[in-house]
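As you go down the protein sequences, you meet chains A and B in turn. Note that our numbering has the first sequence beginning at 1, numbered continuously upward. Note that our numbering has the second sequence beginning at 1001, numbered continuously upward.
Note that these hints are calculated values from the structure, not bench results. Treat each hint with caution, since some may be false.
What the hints assert, rightly or not - In silico BS3-like cross-links for lysine-lysine, where the CA-CA straight-line distance does not exceed 27 Å: (1) B:K1102 x A:K313; (2) A:K290 x A:K313; (3) A:K282 x A:K22; (4) A:K313 x B:K1007; (5) A:K313 x A:K247; (6) B:K1003 x A:K282; (7) A:K313 x B:K1013; (8) B:K1003 x B:K1013; (9) A:K282 x B:K1197; (10) B:K1180 x A:K282; (11) B:K1007 x A:K282.
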Amino acid sequence: MKILIEGAEIVDAESPHNGKEKNVLIHNGKIASIGDKNASSDKVIHARGMKLTPGWFDLGTFAGDPGLEYQEDLDSVTEAAAAGGFTGIALLPNTVPALQTKNEISYITRHNGTRLVTLYPLAAVTRDCKGEELTEMIDLRHAGAIAFTDGLKPLWHTDILLKALQYLQKFDGLLIDLPQDIWLNTFGQMHEGVQSTMLGLKGLPRVAEEVAVSRNLQILGYAGGRLHLARLSTARSVDLIRAAKKKLRISCDITSYQALLDDRSVSGFDTNYKVMPPLREKPDQEALIKGLKDGTIDVICSGHLPQDEESKKTEFDQAAFGMINLQTFAANITALTRWVDLSVLVEKIAVNPRRLLNLEVPVIREGEPAEVTLLDPAAEWTLDESTSKSKSKNSPWWGQKIKGRVAAVFNNNKAWIAPGVR
Amino acid sequence: MSKLSQKHLLGIKDITEKDINLIFETAENFKEVINRPIKKVPSLRDITIANIFFENSTRTRLSFELAEKRLSADVVNFSASTSSVKKGETLLDTVNNILAMKVDMVVMRHSSPGAPHFLSRHISANIINAGDGTHEHPTQALLDAFSIREKLGGVGGKKVAIIGDILHSRVALSNIFALKKLGAEVMVCGPPTLLPKYINELGVKVELDVKKALQWCDVANVLRIQLERQQIRYFPSLREYSLYYGINKRLLDSLHRQIVIMHPGPINRGVELSSDVADSDHSIILDQVENGVAVRMAVLYLLAGAAG
């Protein structure tokens, strides 16, 4: 089938048509032509006012498959990712069992190439992500693991961090850590500040993250290797990374919602705002945005962490951390364009994550495979039972009208086109 | 009948100064009632109240139960430790089961901050928070402020020091909100590990030396050291705590002026307060207990009015 995307602005620094409104014809999974005239096609997407970008990539999606399929499985996460604009997602290893042997890796990758969304396993660094005993990382690498992390679990053991950084140097593998000091965070429920004080909730102090960032940078300086720090949330973390980038192979990401929400959201004890790291304060948000602009922050990820209703519809201190955010990611990105140019954001959601993982970056050029995302920044829509693809509902935006959605996604000779897009 | 601005009493943070004063005026009337030979009024006849306590309590539950009975309400009690409930039913299921038996009001104590707020989004009955973890204990703060008002003729402009484990204390937080709303000056004092790092942003003074706090204040509200809420060690020993943060008669005498001593109970005698202070004429601890019944009657009565 030939599909013509008519009049979208191409946002792709590597494309010869970057910044221009063009008609893009997609045929047999390839970009057949890019021009100004109307090529003949079976279907036309009227895309004036929309943005055509390389397919998005999520560095660190949680799908509870295997083991926690009631939260999300590979089918539902793939559908939610496609509807969210992602053509590739890297899955966190915090499953049951963890992604820690060849079996789990091939379980994740077995349908790749035939699905719209390509799934990349992030293998566990330590057995069961407990932080104690290294996994067989060379073997996992050969099986298809693209990077190594304990995912939602910080690498608390300093010597394990050191050994992992050293061991991965055999194949220049990337280590990803969630920098949080587990001792300073003990029993913590939300960001420590005046809000947590007023709510009587035990705080997760900024310093718990910053001490882990500092420690990780020291160890990286000593061991060498490549380290990526996930889900940064504080102003000082960004400063530490900015300084370290001058001499170390260090990269980092934030979740899209971390730059948009702050700890005042928690004031009604709404557990959908309970996330790790926690929502911080205005000055932190401003620092994250500055870090996006000046290149300190390389990647924006969705932070997608589905939780079943029983884990969220409960007392705040009993509730699980996390929010679903694959499908609302486009609205987050649209909101971020208030401060950061979309071309810069595209680097962080399509280009940089793939470069870090040594994956090919799709380019919007004639003859290239069509791996593209069409963003409609003006579309208003609601995430609810009728639109959500996820198995879980733990979104702070559930049921609310939001602005910015994905109109279409193309990859692997497959397409997803949002209902109502013509 | 005058009404409160809220359907529930979840915390002092959510109510207005006007609400507080209305509760006080109503409580004055009820205090007169409970000192009559016939202590009972028919105000809440046909109202059923469930006291749901997921955490141990003797005096708060007793105080609520007496208040309810003196208003002629029908009363049912449910007690369970949160841990045993956790194994089976959810909080929402437990409460809905009780409400299915046609209960009008719920008085709840729970170990999780915000548990009554969570409940208020899912059930229709009036909810009174009888303590939610380390968050709020609104009726305690109301009876404390009522007792200060009774003893000193008012709360505005008075200096109140809250001394002890501020970090884990719902009494401290609700007291801070109530006293600030009523125009008092508030200071917190305790070991630095038991003071929330951002407490000064609530507009309170912070003091680490008990003697200085006592020299400053008109009223010292001394908190129970809550070892049961401390899963992490915040200070080395009760011995050292009582030596450096405990209040005894010699310390009070050295101030050369009279201050009022309060305590929400139960007292650890010889730890935060010595017996010769707890039982002295400085202490209004038993007045607080008496006022507790009157204040809770007022809250129940006014919320029932808001519902009807």
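Next on the checklist: Against the 27 Å threshold, does the CA-CA distance of A:K282 and A:K22 hold or violate the hint?
Outcome noted: violated, 39 Å
Next on the checklist: Tell me if the straight-line CA distance from B:K1180 to A:K282 falls inside 27 Å.
Outcome noted: holds, 26 Å
Checklist entry - Does the structure keep B:K1003 and A:K282 at a Cα separation of 27 Å or less? => result Violated. B:K1003 to A:K282 sits at ~38 Å, over the 27 Å cutoff.
Checklist entry - Are A:K313 and B:K1007 close enough, with their CA atoms no more than 27 Å apart? => result holds, 22 Å
Item to check | Holds or violated: B:K1007 to A:K282, with C-alpha atoms at most 27 Å apart | outcome: Not OK: B:K1007 and A:K282 at ~33 Å, beyond 27 Å, violated.
Item to check | Given hint A:K247 paired with A:K313 - CA-CA distance at most 27 Å | outcome: violated, 46 Å
Checklist entry - Holds or violated: are the alpha carbons of B:K1003 and B:K1013 at most 27 Å from each other? => result Distance of about 18 Å is within 27 Å: holds.
Next on the checklist: B:K1102 and A:K313 were given as a pair; does the straight-line alpha-carbon distance stay at or below 27 Å?
Outcome noted: holds, 24 Å
Checklist entry - Given the hint that A:K282 pairs with B:K1197, does the C-alpha gap stay at or below 27 Å? => result holds, 18 Å
Checklist entry - For the pair supplied as a hint, A:K290 and A:K313, is the alpha-carbon distance within the 27 Å limit? => result violated, 35 Å
Next on the checklist: Against the 27 Å threshold, does the CA-CA distance of A:K313 and B:K1013 hold or violate the hint?
Outcome noted: holds, 23 Å
Violation of the numbered hints given earlier is confined to hints 2, 3, 5, 6 and 11; the remaining hints are satisfied by the structure.
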